[in-house]
Structures are given as C-alpha cells and as structure tokens.
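Student: Could you slot chain X onto chain L? The hints should help.
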Amino acid sequence: MTAPRTLYDKIWDDHVVDRSEDGTCLLYIDRHLVHEVTSPQAFEGLRMSGRKVRAPEKTIAVPDHNVPTTAGRDKHIDNEESRIQVEALDKNANDFGINYYPVNDIRQGIVHIVGPEQGWTLPGMTVVCGDSHTATHGAFGALAHGIGTSEVEHVLATQTLIQKKSKNMKVEITGKLRPGVTAKDITLSVIGATGTAGGTGYVIEYCGEAIRDLSMEGRMTVCNMAIEGGARAGLIAPDEKTFEYVKGRPHAPKGAAWEAALAYWKTLYTDEGAHFDKVVTIKGEDIAPVVTWGTSPEDVLPITGSVPAPEDFTGGKVEAARRSLDYMGLTPGMKLTDIKIDAVFIGSCTNGRIEDLRAAAAILKGKKIAPGVRGMVVPGSGLVRAQAEEEGLAQIFIDAGFEWRLAGCSMCLAMNPDQLAPGERCASTSNRNFEGRQGFKGRTHLMSPAMAAAAAVTGHLTDVREMMTETV
Amino acid sequence: MEKFTKLTGIAAPMPLVNIDTDMIIPKQFLKTIKRSGLGVNLFDEMRYDREGREIPDFVLNKPQYREAQILVAGDNFGCGSSREHAPWALLDFGIRAVISTSFADIFFNNCFKNGILPIVLPQDAVEVLMKDAEKGSNARMTVDLEAQSVTSSDGQVFHFEVDAFKKHCLLNGLDDIGLTMEKVTAIDAFEKKAATLRPWA
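Chains as they are written, first to last, in the UniProt record's numbering: chain L, 1 to 472; chain X, 1 to 201.
Extracted from the complex, chain L is given alone in its bound form:
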C-alpha cells in the first residue's frame, strides 16, 4: 500500500522522467506558455545551438507585457523596443511552429488568462512560463510555476525541467467569507500572515470551505499571488466547478477523451492523513477587505486600520517600513481611508477576469469617478473584453468615467505606455506594490476590484462595505 499523498505529491510523481540519487529529478512539462519579454534570448539560444522546440504543440505564445492597450496597436507600436520584442515573438512563433495568439487576435490577452480560457490549462498538468504569476494555473489543480529564461530555453529544447521537490504547505481558509470580502482579500491576508518569504521552499495547497466556495476566477486570484508569498506554486484540488469551467473549451478533451480525463482528474486530491510540512489556518470570517500600505505585498492591513509606524516592526523590517512610508508619502497613524488617490487600475492576471469586472461594475453602476481621479479598466483578454461589452459592463465603466482599454498586462507592470507619473497614487487590482512597479516613483495600493471601484468613486481608499449598505 502506498503512503497517503498530497495533491502536489501525486502530480509530481506522475511527471518524473528521471530521478538521480541526490533527489534531483527531470520533470516533464505538459504546457509551456510563452510571452515576448522573457523568451527572445531563449529562442536565440535554440538558434545558436541548432536546436528545435521539442513539443511545439504543447507550447503556447501570446504577447501581453509590452502591448499598448489603445486602438491601432495591431498596426503599429510606437515604442521601438517594445515593437521589436513583439515582432520577435511573431517571428519565433512562426519559425518554431508553436501555437500563437497575435496582437490582432480577439483571443489575445494576458498569458495566464488566455491559457485557462482556451482550455490549455487542465487539472493534473505541469504548466510553466517565464513569468512568476504562472502560479495562477494552480487553481485547476495543475502544478504551475514561473521560470527564468534559461529554463524557458531548457523547456523549449527538452520539454522538461531539472527540479528538486519542494515541501508541502497547507493553507486552509475555514468557514464562510463575510460580505464584501473576496478572493483578493484572502490571498493578501495569507501573505500578510505568512510574509513574502513565508512560502519559500514550499508548494501551497489552498483548501477549506471558503476556497471551495470560490468560483474558478476567484481561485485563480488566490493562486496567482502564491508567488507573492514566496511559494513555488499554489494549488487547489479540482472539483465539479473546475470540470464545469474546463468543459467545452477549445483545447479541452472531448468525447471519450473527456471521460478518461475526468476519471483521472477525480483522483487529484490530497489523501486523508497525507503529510504537510507546514499548516496555516485562517478563519474566513476573520478576513476583512484589505489594502496594502507599503511597498511589499506583505504590508497588508484591513481597510479599517491605520498606517503603521516603523517601530511597530522588528529586525530588518523596521528600516524597510521606514523606507516604504517615505516612498509612499504616508504618516504613521493616519487612517487608511484618509489616503487620497490619483488613479485606479482594474485589470492584470490577478483581477482581469469577467468576474472581477462584474464586481467592480456592481459598485460603479450609476456612479461617477471622483473629480481628478483617472480610471483605467484593462480586461485580461479580448474575449473577456467582448463578454464585458455584451453584459453591459463596459458601458457602466465608460459612464462612470473610466477608460475602457484593450487587453494586456498594462499598468500592472507599466512596460507599455500605461504608467503612473512620479508621486501619483493608485488603487490597483494588480499583484505588486514594489517601488516603481507602476511607473517611476508611482505609489501602489493593492486591493480587490470592488475596493478599487469604491476608491474610484470617493477619491480615497474606502471600505467597500459602506457602499454596499447604501445600495442594499
């Protein structure tokens, strides 16, 4: 009889090609996602050594980081370096015969939104991409993580990765969430509790009633930020919601293959009694709508809180907090809800899916963005955009005064023209509040789409629950 295994153990075991005595394994990769920023040097490496892409049919590319989100981008990208990078991906996809969604394809979007949307991401798979937010795909019970460009080249050439197994960590969110609390609040609260290095060396499995209750979109938001907690990957065991989401997608199995896949997917759960090296339990009812105040995703506080002082911390975090407060232009003790904003960004691989746009639109309906605040909605893919237009969400955003953009990573990392000006402060649904992340000297507060929408209306960080009472 085999010992009880975790979900991670099971997926790992099914992908080991070769194991060395010291435990170093060659792990087979089922899906390799590629974007324009971290791949040019890898394709160049293949050319220089005369190598091919081993499994082009398992390799999927889409430009997302650099692309402008304004009309006309399919004709011309003004920034020369960005244009060269996108053109390089066009050429590499064509030369090596990999699956490709170019910028003029309605299916184009952020790689981590396109993968699931097109049914490339399936339960039990190994998925990698030269992008740290590959963790997103863990929502399907797929082992998914980011890799560097050397590893991108390695996967292109061999369809494998040299890996050592991580440790198992369980993050359980028990019970129900309170009204106004979302997947984003869960994932930020977990990071707030464990720290940005708390997951280092681990693969996290998220479980518990509050996780089960989330939609697939919400689960993707939770897993997306596993990397922000330092974890190699985040996982959620697949269930009926997962199967329902996957069924009928262009690259999902059909007919008899579907039945066979389903039978296998139903074995993908952590066995009773399986060992976890670390366990974190948080009560769902204890989670409040949260925002970040500093320049690390671990700088999380409930919106009802106040800006902390450096002395509230210990060790190296004291100096880091001092630096963060200075960068963010905040004074200890001030109420978070008194922080005024200049911009609102709704989008990213964390919160650029249809459910996120619905949540933001529900708050914005019939309201206007506060005077002086600039708002931008960037759907995660062309298909999300089309659906939002069909559902009337786009009109709500436009009527409220938001810019309604084309799909891409946009102001999440500001590699394209969508950037904050120095000193500008943004309520953002993205994943990183690092210094300069959304623009040189830009200031980022991370939060859920509903919270970002609430901030847009009032012009300052706002407890969305107060607005919900108004509408009930």
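Read the hints as simulated data drawn from the structure, not as lab findings. All values derive from a computational prediction rather than experimental measurement. Some hints could be false.
To be clear about the criterion: a stretch of chain X counts as covered by chain L if any three or more of its residues have a C-beta under 8 angstroms from a C-beta of chain L, and this derived list gives those stretches [what the hints assert, rightly or not]:
| hint | region |
| --- | --- |
| 1 | 16-28 |
| 2 | 73-80 |
| 3 | 95-105 |
| 4 | 109-115 |
| 5 | 158-169 |
Once the Cα atoms are required to be at most 30 angstroms apart in a straight line, the calculated DSSO-like pairs of lysine-lysine come out as [unchecked claim]:
| hint | chain 1 | residue 1 | chain 2 | residue 2 |
| --- | --- | --- | --- | --- |
| 6 | L | K278 | L | K254 |
| 7 | L | K266 | X | K192 |
| 8 | L | K247 | X | K193 |
Here a beta-carbon is modelled for each residue, glycine too, at the ideal position from N, C-alpha and C.
Tutor: Leaving out everything else, chain X in the frame of chain L:
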C-alpha cells in the same frame, strides 16, 4: 556558462530586506532581446536620479564599492518577478556571489544558470559579514565553492550548504540543456507512456 570556483573580492553591504527584482532591474530594461549590457542599469532607480546622475549615497556608487563582486543583502533577496534580467544585470556589473539569509525561489535558480552563487547563511553569520562588508574596499571576502565556505576579511570562516548537482554544474560551468539532452531516451519513453495514460495532455 562561466565557472565559479573561488572568488576573493570586495563585498558591498545592502542590508535592506525584500530587495525585489524590480529594484534590481526595472522593467524598462526588460525590452532587450539580448542578455548582455544590463550592468549599467543594475539597481537603476536606486542608483541614478531622473536626469541619469549617480546618487552618491547608493552603495555601488561609493568609490570603495564600485568594483564589488559580492553582495551581502537583507532577507528574501530577489523576490518578485521571474526576470532573468536580474542575474544578467548583476553578472554584467561584476557580481558573482550574493549572501543573504534567504532568497526567492526563481531568482535563486536563475543565479545558478548564470554562474552566480547565491549563498544562504544564518542571521548571525550574515550580520558578521554585513559588518565586514561595511569596512569597504580594504577588506576582501573569500567565497570558496569547492570548500563551501565564506571567509571574512579578518579570517572568520562560515560554512554554507549548496545542492550537490547545482554545485557540480557551477564548478564546471556546465550547460543544463546539454546534460538533459543526454537523457533523451528517458524523455521519449516518458512521452510514449504518457500518451497512453493521459492522452489528452
């Protein structure tokens, strides 16, 4: 990849915790399609003002650290984005080893692919080495990968752990892809088996 065996050089102190890859190499420099030339933009937003002038207070702008080959850094170095541009920029500047209490996973792996040695040591050891680095260019630290040791300028020796396979590759400057290509039969066999077990994948 360049080998890493033994290095004696200047160590620059960067005690800040959570130094992320956006700090190491900001996104505007990710638009390159090359690996080289990023050293001048290493820590760009901490190192230069908006007009491109050096900020004198920043450690790598100080005369004594301009030739640094080692960084001693605060906890969780290299967190954030997977950009391999971060180790490329460090390497291009001349940094061959980074010492900290912990590293982010992807950055840690990326270092080994580029001939950079990330060294994890306990808090008290890093504190000693941080103080040593603060002495400036007259104090040289030695990193010996074969012996798995860091020696401070006054002779204190700290032993570190490193994965045996990664050590082997770094000592010999081995290319991972070449090594994996030798196992192509095993990959073929795996694919054949998987085609039966999980044909939808």
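Student: Quick check: the region 73-80 of chain X, covered by chain L? Criterion 3+ residues, Cβ under 8 angstroms.
Tutor: holds (count 5)
Student: Between L:K266 and X:K192, does the CA-CA distance stay at or below 30 angstroms?
Tutor: 23 angstroms, holds
Student: Using C-beta distances, would you say chain L covers the region 95-105 of chain X, given that this needs three or more residues below 8 angstroms?
Tutor: holds (count 4)
Student: With a cut-off of 30 angstroms on the C-alpha distance, tell me whether L:K247 and X:K193 pass.
Tutor: 25 angstroms, holds
Student: Just to make sure I understand the rule, a stretch counts as covered if three or more of its residues have a C-beta closer than 8 angstroms to a C-beta of the chain. Does the region 158-169 of chain X meet that for chain L?
Tutor: Our answer is that it holds, as 3 residues pass the Cβ test (under 8 angstroms) against chain L, meeting three.
Student: How does the coverage statement for the region 109-115 of chain X fare against chain L, requiring three or more residues with Cβ below 8 angstroms from a Cβ of that chain?
Tutor: holds (count 4)
Student: So is the region 16-28 of chain X in contact with chain L by the C-beta rule, three or more residues under 8 angstroms, or is the coverage claim wrong?
Tutor: Result for this restraint: holds, n = 9.
Student: Holds or violated: L:K278 and L:K254, Cα atoms, limit 30 angstroms.
Tutor: 38 angstroms, violated
The structure fails to meet hint 6 from the earlier list, while all remaining hints are met.
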